[in-house]
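Protein chains in written order, with my numbering: chain D, 386 to 607; chain E, 68 to 490.
I should point out that these hints are in silico values taken from the structure, not numbers from a laboratory. There may be inaccurate statements among the hints.
Said to hold, decoys possible - For each label pair, taking beta carbons as the anchor points, the in silico distance ranges come out as:
| # | chain 1 | residue 1 | chain 2 | residue 2 | range |
| --- | --- | --- | --- | --- | --- |
| 1 | D | Glu471 | E | Arg350 | 37 to 45 Å |
| 2 | D | Glu535 | E | His256 | 51 to 59 Å |
| 3 | D | Met440 | E | Tyr345 | 49 to 57 Å |
| 4 | D | Gly456 | E | Gln132 | 14 to 22 Å |
| 5 | D | Glu535 | E | Arg350 | 34 to 42 Å |
| 6 | D | Leu546 | E | Tyr345 | 25 to 33 Å |
Said to hold, decoys possible - With the C-beta cut set under 10 Å, the calculated list includes, among others, these residues of chain D facing chain E:
| # | residue |
| --- | --- |
| 7 | Met402 |
| 8 | Asn403 |
| 9 | Glu434 |
| 10 | Ser450 |
| 11 | Glu493 |
No experiment lies behind these values; they were computed from the predicted model shown. Even glycine gets a Cβ: it sits at the ideal position worked out from N, Cα and C.
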Amino acid sequence: MDMSEETPQSEYILRPMNCELNQLSMPDGSAMLMQGNTAVIAGIYGPVEAKLQKMIYDKASVEVSYSPIKGPTKVDDRMTEMYIKETCEAAIIVTFHPATAICINVQELEDSGGMLACTINAACLALINAGIPMKFTIAAINCMIQKDSEDIILDPDNIQLQEAKAEFTFAFDSMDKNVICCYTTGCFTETEFLKTMDRCKQASQYVFDFYRNLVKKYANVI
Amino acid sequence: MKEVLLTNCEKNFVNKSVEQGTRLDGRSLLEARNVKIYFASNWGSCMVLLGQTRVVAQVTCDIQQPKTSRPNEGMLHINVELNPMAAQHFDSGRQSEISILISRQLEKCYQDSKCIDLESLCIIADKKVWNLRVDINVINHDGNLIDCASIATLAALSHFHRPDVTSNGEDIIVHPFSEKDPLPLTLYHYPVCVSFITFESGSTVMDPTYLEERVGVAQLTLGINSYRELCSLHFNYLTKTMTVEDVISAVSNYATNYAVQLVQQIKEAVNYDVEARYKKDDRNTNRFKECIMTKKLTTMNSECISIKLRKWSEIENIESDVDMEKKEEETENCTIIKPGIGSAELIPNTNISFGEGGPNTWNMSESSEEEISDVEITTVIKKKENKTIENIELNGDSEEENIEILETKDLMHSYKIPMPINK
Numbered sequence: 386m387d388m389s390e391e392t393p394q395s396e397y398i399l400r401p402m403n404c405e406l407n408q409l410s411m412p413d414g415s416a417m418l419m420q421g422n423t424a425v426i427a428g429i430y431g432p433v434e435a436k437l438q439k440m441i442y443d444k445a446s447v448e449v450s451y452s453p454i455k456g457p458t459k460v461d462d463r464m465t466e467m468y469i470k471e472t473c474e475a476a477i478i479v480t481f482h483p484a485t486a487i488c489i490n491v492q493e494l495e496d497s498g499g500m501l502a503c504t505i506n507a508a509c510l511a512l513i514n515a516g517i518p519m520k521f522t523i524a525a526i527n528c529m530i531q532k533d534s535e536d537i538i539l540d541p542d543n544i545q546l547q548e549a550k551a552e553f554t555f556a557f558d559s560m561d562k563n564v565i566c567c568y569t570t571g572c573f574t575e576t577e578f579l580k581t582m583d584r585c586k587q588a589s590q591y592v593f594d595f596y597r598n599l600v601k602k603y604a605n606v607i
Numbered sequence: 068m069k070e071v072l073l074t075n076c077e078k079n080f081v082n083k084s085v086e087q088g089t090r091l092d093g094r095s096l097l098e099a100r101n102v103k104i105y106f107a108s109n110w111g112s113c114m115v116l117l118g119q120t121r122v123v124a125q126v127t128c129d130i131q132q133p134k135t136s137r138p139n140e141g142m143l144h145i146n147v148e149l150n151p152m153a154a155q156h157f158d159s160g161r162q163s164e165i166s167i168l169i170s171r172q173l174e175k176c177y178q179d180s181k182c183i184d185l186e187s188l189c190i191i192a193d194k195k196v197w198n199l200r201v202d203i204n205v206i207n208h209d210g211n212l213i214d215c216a217s218i219a220t221l222a223a224l225s226h227f228h229r230p231d232v233t234s235n236g237e238d239i240i241v242h243p244f245s246e247k248d249p250l251p252l253t254l255y256h257y258p259v260c261v262s263f264i265t266f267e268s269g270s271t272v273m274d275p276t277y278l279e280e281r282v283g284v285a286q287l288t289l290g291i292n293s294y295r296e297l298c299s300l301h302f303n304y305l306t307k308t309m310t311v312e313d314v315i316s317a318v319s320n321y322a323t324n325y326a327v328q329l330v331q332q333i334k335e336a337v338n339y340d341v342e343a344r345y346k347k348d349d350r351n352t353n354r355f356k357e358c359i360m361t362k363k364l365t366t367m368n369s370e371c372i373s374i375k376l377r378k379w380s381e382i383e384n385i386e387s388d389v390d391m392e393k394k395e396e397e398t399e400n401c402t403i404i405k406p407g408i409g410s411a412e413l414i415p416n417t418n419i420s421f422g423e424g425g426p427n428t429w430n431m432s433e434s435s436e437e438e439i440s441d442v443e444i445t446t447v448i449k450k451k452e453n454k455t456i457e458n459i460e461l462n463g464d465s466e467e468e469n470i471e472i473l474e475t476k477d478l479m480h481s482y483k484i485p486m487p488i489n490k
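If we strip away everything but chain D, and leave its shape as in the complex, we get (with noise of 0.2 Å):
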């Protein structure tokens, strides 16, 4: 396959990101990420005692609540704070601090394009900062398949996701770059799917690398 005639090569970019931790003196551990003008705060709490109704005596309940800028929480924003839960659940050892509660929690800033990877990579950098033990760190990538052009695009601003005809969301984890969470809109066929995945998994890299120089900045022994 020769990418290179397919695309040029402006297209493999992802915007910058930027990102500090401990912004918030409440919550154990927090982060701000910024990927372009994407902005997300994300804050956590535990482990911390859990409620009643919500605790499982052999390991941690992950409770996450994600609220969006405008307006009250939509339907949509559920299955946000559902898909955080079931990735981030997948990296945290549960195990760790049976019968405690992990509250995962994410305020939305500002939207322009892929708000879910941004949540996401959001809430594993406030897992690292709160000191959670976990198996894997998470990164999420967004990427789109253009209408006409029928082009790759990744990490795409808002203005791009108009042209979009199909728009995909992936997690990967650090250790085995395995798919963790996959969301999808609009239509595709296999090998578009496939393919874009093996793109994203590429470029999961690069924010693995920026969560490790971010963590190395002020973590003395790595």
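Fit chain E to the known structure of chain D by using the hints.
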């Protein structure tokens, strides 16, 4: 989840220190915390920091039918959401006592004081008016939520621009921002809340922190506008222990002066950002990006990450080889050690730089400086080498693309030169 209990030690400590006129964070009794305002890239969205307290506000608008009692006026709704992120005991989705209290106070301060020209928001009387909605999300709770929320509301409302509408008989057309310039809201006056907490000892403290709020016995919130007029007033006993002497008259003058100053600061920040947007000049503005400070230990900024996928690397290598050949032709006169294969391997390092606290500084300059310092020590050894170094520097200035390859040479040089010293 339950709120963390307040210990007697903390309580006594705060009470005693306030009695002596000091506060935990080193402020004097009537001193507020610093206010910082950051704007998002769309209209009417901002994040306000009052010390550690952090609030985001977003103004949105849609077209609705007006109330029958006021057919020619637009509507304004203020909604306060206490995010469970802000504090452990906040519950998501449920309206708690505090959030209702804050919403009501903001309504009194902004809606009931008629600070917004709602008549200008009418499109067709009795049929279509603009409905403004202010969503306030508290992200971090470190006391004095009401002040922080009021600053955020005022900043967001004065920053907000609504789309222009034209009407042709029956239909109304809402123009997107690309067609017609958006219009700002008209504000008659700028009210802002100023809060105080009174302690058992009778001393009053301005802009209380979370701890002080829990220890205090009475709270007072004044809504004051820049014309020194009172817009709202809220006084509440937190405990039923004692009656507090006349606080309002004691602090009102001070509060008014502070409110005027604060409104001025908000106006300046909003005007600065709005002007910058009109000019489409993004430099030196307070956006969310600036909120992430570059020089902190816990921050990381990266430029656009350009990605080279595996299948790409081959093509890249060929390209860089071509570059190398060109370079060699250009710099024939200087004696350079062959770039070799190493340069091809270096490409990812130079392109994907996770700028450590700032924009991408070319490695070239650093290494050449090092080299020079090395050479200064070992000038006796060879003059020839000095010449080559000068050449390299010139080349580095002339063409950026050459830098990748030059760097390897530099590195090799710098490896070579210190050798004699070691011996």
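Each hint tested on the structure:
| no. | hint | result |
| --- | --- | --- |
| 1 | D:Glu471 with E:Arg350: 37 to 45 Å | 42 Å, holds |
| 2 | D:Glu535 with E:His256: 51 to 59 Å | 56 Å, holds |
| 3 | D:Met440 with E:Tyr345: 49 to 57 Å | 55 Å, holds |
| 4 | D:Gly456 with E:Gln132: 14 to 22 Å | 19 Å, holds |
| 5 | D:Glu535 with E:Arg350: 34 to 42 Å | 38 Å, holds |
| 6 | D:Leu546 with E:Tyr345: 25 to 33 Å | 27 Å, holds |
| 7 | Met402 | 5 Å, holds |
| 8 | Asn403 | 5 Å, holds |
| 9 | Glu434 | 7 Å, holds |
| 10 | Ser450 | 5 Å, holds |
| 11 | Glu493 | 9 Å, holds |
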